[in-house]
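Participant: So the chains spell out like this:
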Amino acid sequence: MNEARNALMREGGPAAPLLAVAGIEKSFPGVRALSGVSFEVAPGEVHALLGENGAGKSTLIKIISGVYQPDAGTIHVDGRPLRLDSPDDARRAGIATIYQELLLFRDLTVAENVFMGHAPRGRGGRLDWKAMAAKTEALLATLEIVDLAPSRVVGSLSVGNRQRVEILRALSQDAQLLIMDEPTAALTEYDVTRLFDIVRRLKSRGVGIIYISHRMDEIFQIADRVTVLRDGAQVGTRRVAETSSAELVQMMVGRQIESLFPKVAVAVGAPVLEVRDLVRRPMTRSISLTVRAGEILGLAGLVGSGRSELAQTIFGVTPAESGEILVSGEPVQIRAPGRARALGIAYVPEDRATQGLVRPMNVRENFSLASLARVARFGFIDSAAETRLAETGVTRFRVRAGSLDQVVGRLSGGNQQKIVLGKWLANQPKLLILDEPTRGIDVGAKAEIHRLMCELAAQGLAILMISSELPEVLGMSDRVLVMREGRLVAEFSRAEATPEAVGAAMMGSQGADAGRAA
Amino acid sequence: MAVLAPEVRSAAPRWLIRHETLLAAILLVALVILGLFNERFLTVDNLLNQGRLMTEVGLLALPMTFIIITGGIDLSVGSIVGLCAIMLGYSWKNLGFPLPLAIAFAIGVGGVAGFVNGLLITRIRVPPLIMTIATLALYRGLAEGISQARSVRNYPEWFFFTGQGEWLGVPVQLWILLVGIIVAGIALDRTTFGRTLYAIGNNETAARFSGLPVDRVKLVVYTLSGLAAGLSAWVLVSRVTTTRSDMGSGYELDVIAAVVLGGTSIFGGVGTIWGTVVGLVMIQLLKNGLALTGVKGDATIIVIGAVLIASTLIASSLHGRREVAG
Chain A
1 MNEARNALMR EGGPAAPLLA VAGIEKSFPG VRALSGVSFE VAPGEVHALL
51 GENGAGKSTL IKIISGVYQP DAGTIHVDGR PLRLDSPDDA RRAGIATIYQ
101 ELLLFRDLTV AENVFMGHAP RGRGGRLDWK AMAAKTEALL ATLEIVDLAP
151 SRVVGSLSVG NRQRVEILRA LSQDAQLLIM DEPTAALTEY DVTRLFDIVR
201 RLKSRGVGII YISHRMDEIF QIADRVTVLR DGAQVGTRRV AETSSAELVQ
251 MMVGRQIESL FPKVAVAVGA PVLEVRDLVR RPMTRSISLT VRAGEILGLA
301 GLVGSGRSEL AQTIFGVTPA ESGEILVSGE PVQIRAPGRA RALGIAYVPE
351 DRATQGLVRP MNVRENFSLA SLARVARFGF IDSAAETRLA ETGVTRFRVR
401 AGSLDQVVGR LSGGNQQKIV LGKWLANQPK LLILDEPTRG IDVGAKAEIH
451 RLMCELAAQG LAILMISSEL PEVLGMSDRV LVMREGRLVA EFSRAEATPE
501 AVGAAMMGSQ GADAGRAA
Chain B
1001 MAVLAPEVRS AAPRWLIRHE TLLAAILLVA LVILGLFNER FLTVDNLLNQ
1051 GRLMTEVGLL ALPMTFIIIT GGIDLSVGSI VGLCAIMLGY SWKNLGFPLP
1101 LAIAFAIGVG GVAGFVNGLL ITRIRVPPLI MTIATLALYR GLAEGISQAR
1151 SVRNYPEWFF FTGQGEWLGV PVQLWILLVG IIVAGIALDR TTFGRTLYAI
1201 GNNETAARFS GLPVDRVKLV VYTLSGLAAG LSAWVLVSRV TTTRSDMGSG
1251 YELDVIAAVV LGGTSIFGGV GTIWGTVVGL VMIQLLKNGL ALTGVKGDAT
1301 IIVIGAVLIA STLIASSLHG RREVAG
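Residue numbers (the working numbering), protein chains in the order written: chain A, 1 to 518; chain B, 1001 to 1326.
A few of these clues could be false.
To be verified - Here are a few chain A residues that face chain B, going by a calculated C-beta distance under 7 Å:
{"id": "1", "residue": "Arg341"}
{"id": "2", "residue": "Gly344"}
{"id": "3", "residue": "Pro349"}
{"id": "4", "residue": "Gln355"}
{"id": "5", "residue": "Pro360"}
{"id": "6", "residue": "Leu369"}
{"id": "7", "residue": "Ala370"}
{"id": "8", "residue": "Gly379"}
{"id": "9", "residue": "Phe380"}
{"id": "10", "residue": "Ile381"}
Hint data in this document are derived by calculation from the structure and do not stem from the laboratory. Cβ atoms here follow ideal geometry from the backbone N, Cα and C, with glycine treated the same way.
Next up, chain A with everything else stripped away, as it sits in the complex (with noise of 0.2 Å):
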């Protein structure tokens, strides 16, 4: 089948696409998830679904993969029309998905991994390893892998790699449409190239590709086509080489968005937060630092170079082993979060669903979580004042949610984002930690949490910003600091901060001294 395809693209015929799905139609109790979706991916083609959280891509994407089945409308996979009624149906009909969440087992190899559930048998049912192995390898061939063997264990490889395994296990399935939620988003730029080479290869191979990101830069890579949504209807379709950036984001949002990075300069004032020599091994060494009021401190580095470690930290939750905090200029302990929060120091994390939100939860019990004291009297929880925090907090942050009662883990992304940090606002802080502060979240999300940045900052909040986005840590930060392996490597001034200063400093390479020296 794959080779049909082939020569009929070398014949430069018009390829029959290879997935098309028309007038997709979805409805969940009180939301229309989708109304009148349609596109279609041929084969060798990678088509980007763009559009804000809660734009339906997930809900596009989980009928595709046949997780809901759709109210309305047909799907095609090679002109044929089929009904999806379980993932193993759509895997049966080609369709592998790779979700933001790698499912991946940790205690199992790379080998054993790829072929889970469908591992080559020898005689009497048993499995045969050595068969396993070699299949592994050929797939590793083919797509140019040479660093990663079929025998490592799955929990000792890096993100990049575990997304690779991912993929692997899609080849090994014959997969020829390949669904890849925001794949990037935990990536380092060196992985984010090397997914791309992959990427490249898999189109040569006539596999399509639905490819789901918040990135515009990488849409413009390496997509062909992009599919915009916006509330759960189709806006248009466009070939990326007769697009912009700009004119997507203007369809995804229905407005223009001025500038994506507004910061304004505010006077800075005292000292909030002073960290000197914290040691926390063995990810904290000996870290000083110093964050002033209205002042937003980028920090910089790779993932893994102790960043988040760090500011976990600070806020109690691996206390530090030795080093001082002093907050507003007085020494302090802060042995748990409890004491932190108490001190006025809020932390967004980065991981949401665990650390960030209680999922099963309501979205009023999650905006009181972190400031129930408030909302108490003797313990008791007074549930008119709850329910006016939780609704000063939507309205703030222009929460989309059915309603207070709505439980948080089926809110998007975005939305849950913005309960997380509206939580810690609501207990009036005086240092903000944040931790990827809008990794996975759509563009007029993340303009949003950048506008409110600087409207927090403005009003004489500190800010410490953890960030891998370059872009987003040069355009919001008054000043950067770098890390790496668990130190501060250098510090910039809003005006030294250039990417490729940064940048090399993370790195560790040249640079990085000329940075220290600045």
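For chain A, the structure is supplied; the task is to place chain B on it using the hints.
Facilitator: What follows is chain B alone, placed relative to chain A:
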């Protein structure tokens, strides 16, 4: 911009499809059927007497509901009851404590026993199941060692008031249980303490990252469980007029059965005191009703096991519906 759509209502009001309501309905039906079979069953005397018998397990079920909501478990409660009962008799008879002091001492021992559970669970991060299996053996062993297989009798008459007396026509211990139920119910439903329990059970990491006193609250619930065991031991000794080291053995299973039957999820995060109370009453009355109707002991256990499984099935099917409706 904030979009707060009107709340979606499913066909049936929410309270009707709640697990506790359904269970209460089943309980009512069972009562009527058992009442039809046996005229001695649905009498005030019998029901009050059953309340008396239910109290010892009931007192334990309240903190157990808290513990299971946090995703933990306490298997040592039965052994703590035994230890406390022994300490009551031993400190009175052998150490010469005045009896009121001996009662307070016994309850205090229960509190310490629970505190030790909590301390090792929160500080050394021993899984609750392992920790309380260990103390299940340990505390029972202590009780046997201290008692030297001798029972303590001849308590003064006033001591039996708690376990055998009546106040306003209702058994004294039932009043104690009633107060416990109300306090526990309000604490779980209305206070920051209760909210913290649910948060821990649903996502302990996020609870910690939100600055909630996770370890302190856990320490409190295990200590409460020990204190309740002390209270339960006092009521039990007063009811049966004697102290033996095997008292309370096997209680942990009755307690957990009542809590889980009442809709508390063994995985944590879900559960109510009202559910536990219904579960408790259901088990006690089924036992009694079946016995009165002439069903033998073994068969009673079978029926209770079947009811437990059936209620779990109903609960999971309801949960499935809620998922869709949510």
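Participant: State for each hint whether it applies.
Facilitator: For each hint, the structure was consulted:
At a threshold of 7 Å, the smallest CB-CB gap from A/Arg341 to chain B is about 4 Å, leaving the interface hint in force. Violation of the interface hint for A/Gly344 is found here, the shortest Cβ-Cβ separation to chain B being roughly 11 Å, above the 7 Å cut-off. Residue-level restraint check for A/Pro349 holds (minimum Cβ-Cβ distance to chain B is 6 Å; threshold 7 Å). The restraint placing A/Gln355 at the interface with chain B holds, with a minimum CB-CB distance near 5 Å, inside the 7 Å limit.
With 7 Å as the threshold, the beta carbon of A/Pro360 comes within range of chain B, its nearest partner Cβ sitting at about 5 Å, so the hint holds. Annotation: A/Leu369 was flagged as interfacial toward chain B, and the flag holds, the nearest CB pair being 5 Å apart, inside 7 Å. Hint status for A/Ala370: holds, given a least beta-carbon distance of 5 Å to chain B, under 7 Å. A hinted interface residue such as A/Gly379 counts as satisfied when its beta carbon comes closer than 7 Å to some beta carbon of chain B; here the least separation is about 5 Å, so the hint holds.
The restraint placing A/Phe380 at the interface with chain B holds, with a minimum CB-CB distance near 5 Å, inside the 7 Å limit. The criterion of a C-beta within 7 Å of any C-beta in chain B is met by A/Ile381, whose closest approach is roughly 6 Å, and the hint holds.
This entry does not satisfy hint 2, going by the numbered hints stated previously; all others are met.
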